[in-house]
Structure formats: structure tokens, C-alpha cells
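With the hints as extra help, turn the sequences into a complete structure.
2 protein chains.
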Amino acid sequence: MKANVEPLSKNKVKLIRSLRLKKNRDSEGLFVVEGDKMVREIISTRSDLIEFICTTTDEDFELKTYHTDYRTIKDLSTLSSPSPLLAIVKRIDLPESSDGLILALDGIQDPGNMGTIIRTADWFGVNQIICSKGTVDCYNPKVIQATMGSIFRMRIDYLNLKDYFNKTQLPIYGALLNGENMYETTLAKDAILLIGNEGSGISNELTPSINHPILIPQHGQAESLNASIATAIILAEFRR
Amino acid sequence: MKANVEPLSKNKVKLIRSLRLKKNRDSEGLFVVEGDKMVREIISTRSDLIEFICTTTDEDFELKTYHTDYRTIKDLSTLSSPSPLLAIVKRIDLPESSDGLILALDGIQDPGNMGTIIRTADWFGVNQIICSKGTVDCYNPKVIQATMGSIFRMRIDYLNLKDYFNKTQLPIYGALLNGENMYETTLAKDAILLIGNEGSGISNELTPSINHPILIPQHGQAESLNASIATAIILAEFRR
Numbered sequence: 001m002k003a004n005v006e007p008l009s010k011n012k013v014k015l016i017r018s019l020r021l022k023k024n025r026d027s028e029g030l031f032v033v034e035g036d037k038m039v040r041e042i043i044s045t046r047s048d049l050i051e052f053i054c055t056t057t058d059e060d061f062e063l064k065t066y067h068t069d070y071r072t073i074k075d076l077s078t079l080s081s082p083s084p085l086l087a088i089v090k091r092i093d094l095p096e097s098s099d100g101l102i103l104a105l106d107g108i109q110d111p112g113n114m115g116t117i118i119r120t121a122d123w124f125g126v127n128q129i130i131c132s133k134g135t136v137d138c139y140n141p142k143v144i145q146a147t148m149g150s151i152f153r154m155r156i157d158y159l160n161l162k163d164y165f166n167k168t169q170l171p172i173y174g175a176l177l178n179g180e181n182m183y184e185t186t187l188a189k190d191a192i193l194l195i196g197n198e199g200s201g202i203s204n205e206l207t208p209s210i211n212h213p214i215l216i217p218q219h220g221q222a223e224s225l226n227a228s229i230a231t232a233i234i235l236a237e238f239r240r
Numbered sequence: 001m002k003a004n005v006e007p008l009s010k011n012k013v014k015l016i017r018s019l020r021l022k023k024n025r026d027s028e029g030l031f032v033v034e035g036d037k038m039v040r041e042i043i044s045t046r047s048d049l050i051e052f053i054c055t056t057t058d059e060d061f062e063l064k065t066y067h068t069d070y071r072t073i074k075d076l077s078t079l080s081s082p083s084p085l086l087a088i089v090k091r092i093d094l095p096e097s098s099d100g101l102i103l104a105l106d107g108i109q110d111p112g113n114m115g116t117i118i119r120t121a122d123w124f125g126v127n128q129i130i131c132s133k134g135t136v137d138c139y140n141p142k143v144i145q146a147t148m149g150s151i152f153r154m155r156i157d158y159l160n161l162k163d164y165f166n167k168t169q170l171p172i173y174g175a176l177l178n179g180e181n182m183y184e185t186t187l188a189k190d191a192i193l194l195i196g197n198e199g200s201g202i203s204n205e206l207t208p209s210i211n212h213p214i215l216i217p218q219h220g221q222a223e224s225l226n227a228s229i230a231t232a233i234i235l236a237e238f239r240r
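If you read the sequences in order, they're chains A and B. Heads up: the first sequence begins at 1 in the working numbering, then just goes up one per residue. Heads up: the second sequence begins at 1 in the working numbering, then just goes up one per residue.
Each hint should be verified, as a subset may be incorrect.
Stated by the list, open to error - Derived lysine to aspartate or glutamate pairs resembling EDC-like cross-links, with alpha carbons at most 16 Å apart: (1) B:K90 <-> B:D26; (2) B:K37 <-> A:E198; (3) A:K37 <-> B:E198.
Don't read these hints as lab results, they were simulated from the structure.
Next up, the structure:
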């Protein structure tokens, strides 16, 4: 065993397990990243954010590392096929921007959708997401996994969207079923794109804030699109 | 209890449970649909496909209905919040088309991605999907849930894609990292769009079949897009 490697203590196990709850993630300012690919990505790009690594492997990471057995990793993991690597990561707030394209999420519930939206926004060079308070926590383990590392490049705030919209100078685009064909709408460079909840869409409280209701033209019979899919198609058009 | 309602027998419980496995779904020609919204949609549009309904409610469905308790439904369900409605549905093969836009999937593994791809294809009026044999089964319960009913409007075949590509006259577009900017490519009306596996992309065996390698321009730092997201963005452009 290397010099900076220690056995995983019961206290650390308890800490990691406690991070399944949002209130503990908030109070500790920490979250869990799992999986070989994601843990290695953060080691290579932002190792300063890593509090410590748990592992069943014999590698030397030059970071505070706790060694444990696979049974413990399985117990701590939220994945169906747990990886031998699990990192505890410090949360940081990236700088806020007041221009560019900002994504606003009104009550996205599904962690997979949330993570995919963060990843897609990152692909399209969006650096900031604002979320209604009812939106799923972006540090939820399933969200983190679906971001594929984009969580480390995104400023994400949970706030009162109504208040935010009342103060902003940016035009607000919203995906609505009675909106204008998005291909026939001028999409501003600096703007807010508002995406609603998976089942109920954009809330009645926020609909009046939308200056530019838009829709993705439908060609078949599906009743609607998944929220992350709709976000992606509209972001692609904003960036075109 | 209504006339066409019977208590759920142990044999039916056994049948439903057996449908978790692909081989049993294949041999029985049946699959399970769960959830109030999806079960009601199929009752109202394709009740001829319903073999029987399991329910904890007291409603009269005018279809073969078995009544049971919530504990049994919970035991049978693959959802984290089981619905009181669960239908056993007959598989049908919709007609094959030899023109139009056909989606080809090379080893999509994640059931959520697969279901979302089927739903998105349906939205964009694609009626046929061909899958490599390594692609996740489209009657997997998690796939079914994610399709939100689009499974009933899609022709889906599992076949040797290489053989299919060798025989087709249609141009084959493939999403590749070294492809041409899709906005600068002419997208044919009748075509095949090939999408690769979530981690490894399009297999080496199939890459030579692609006549039109295309890519979605990247603006930020995310390494890649989720497979269902990439599919959606490209389909939107094909239909534009």
C-alpha cells in the first residue's frame, strides 16, 4: 500500500452514505462521483476539487486515497454495476454571466433528464443554468452520472424564476405547445430558454414571462418530446 | 366486482413475472405496459392488442380484467412508484417500408435511451427502426415506459445491419466524430440514419457502409452527446 493510501474508515463510509441526501450534500459542500471514466476525468482536469478517492484498486493517485473492498464499494454505490473508483468532490460556484444563452429549468424532475440537459448545454457552450426550486438537485448521484463530467463546467443556481425574469433584460424563449414554429422565429444570441416539467410543462406562473413562445414542429404522432430532447433540439437551433 | 372481472390467478402472476425475460416475451409474443397514462392510451387506441389488464381499481374496462391487491402489483411492477394499472399487450409487426427515413441503431444499450429514441422517431414521423442484434430489446419494460406509447406506432426489426446495408439503395448517413458538419450536408428525404452505441459509437464493421458521415457542430467542452440527444438533433434537421 502506497504512502498516501489508508484503509477506508467507518466515519468516511458514514460520510459517503450521508451524501445521498441533499441536505447533507448542502451542509458538507460535497458530492459523490462514481465510475472509472468520470473519476479519471476529474483527476486529470480538476484534481483540486477532489476531497478523497475510495478505491479497490492498487493504483497510486497522488491524491488522498482510501482503500476498501468491493463489498463496501457496492454498498456505497448507487450504480447497478459499481466501479472500483468513487471520488468525493467539493462543490464550487463558477462565475455567473449576465449575457450569452442561459437555460432556465422549471421543475425538471427526472435525474437522467437533468444530467442529460447539463451535458447537452455544455456541448452547446451554455455556461449557466437557472432552476426553479422544484427542480431536481443537480448533485443527486443519478444527475451527476448523466452529466458525464459537464457538472464541473456549469454554473447552476436554484432560485425564484419569476423574480429573475422580472429583473432580466434578456428575451425569454419558452417551449410551448401553442408557440411559433422555432424555425420561423429569430433566435437572439443573448437570451433565456425556458424548459418546463416533464409532465406538466411550464408552470402557469411563469408562462406570462415568456416573450417568445416557440415550438418544435411535429411530423408524426408522438404526443410530446422528452424534456431533454426538446432542450437539445432548441439549443442546436440557437447555436446554428 | 363487474362481470368481466376476475381475481388475478397465480398462473397469471407467474406469466407476468416471466415477461421480464426477453426469451419469454419472444415465445409468448407479449409484453407488459405499466402506468395509468400509457395503459389508458392503449385502451383507447389499440384495445385489440390488450390481452388482459391487472388492476387494483374498481373500474369497468370492457376488457378482460383481473383484480388484485397493491402488494401484488408492487411485486409485479418494475416501476419505483407502481401504478394501479398494468396491461399485458400482444406484439404486432407493423408494415415494413422501403423508402422514407429509416433509423438504424448499432448497439444502443441503455433502455431509457432506446425508449426515448423510439418516442423521438415517432415525433418526427419515422415509422421504421432497424437494430443490430446487440441492441437492447425494445420490449424491455424500461424501454416500453420511455417510449410513452410510441412503441405501438413503430416497426422495429433486429437484424444483421451489414447485410441490410449491402442490399439497400438508400443513402446511409452516420453520426461520426470526423463527419461533415450536418448543416452543410444535403440530407436526402429517403435515407438511413445510423446511430452508434453510447460508449463506442458506430462499430468498425459498419463504418465503411456510411456514404455520408455527418457531425453535430460542438460549441462547448462536453466530450460527446447522449445517443438519444444526437439522434433527435439530426432527425430534426432531416425533417426541417
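Structure versus earlier hints, numbers of those that do not hold, lowest first: none
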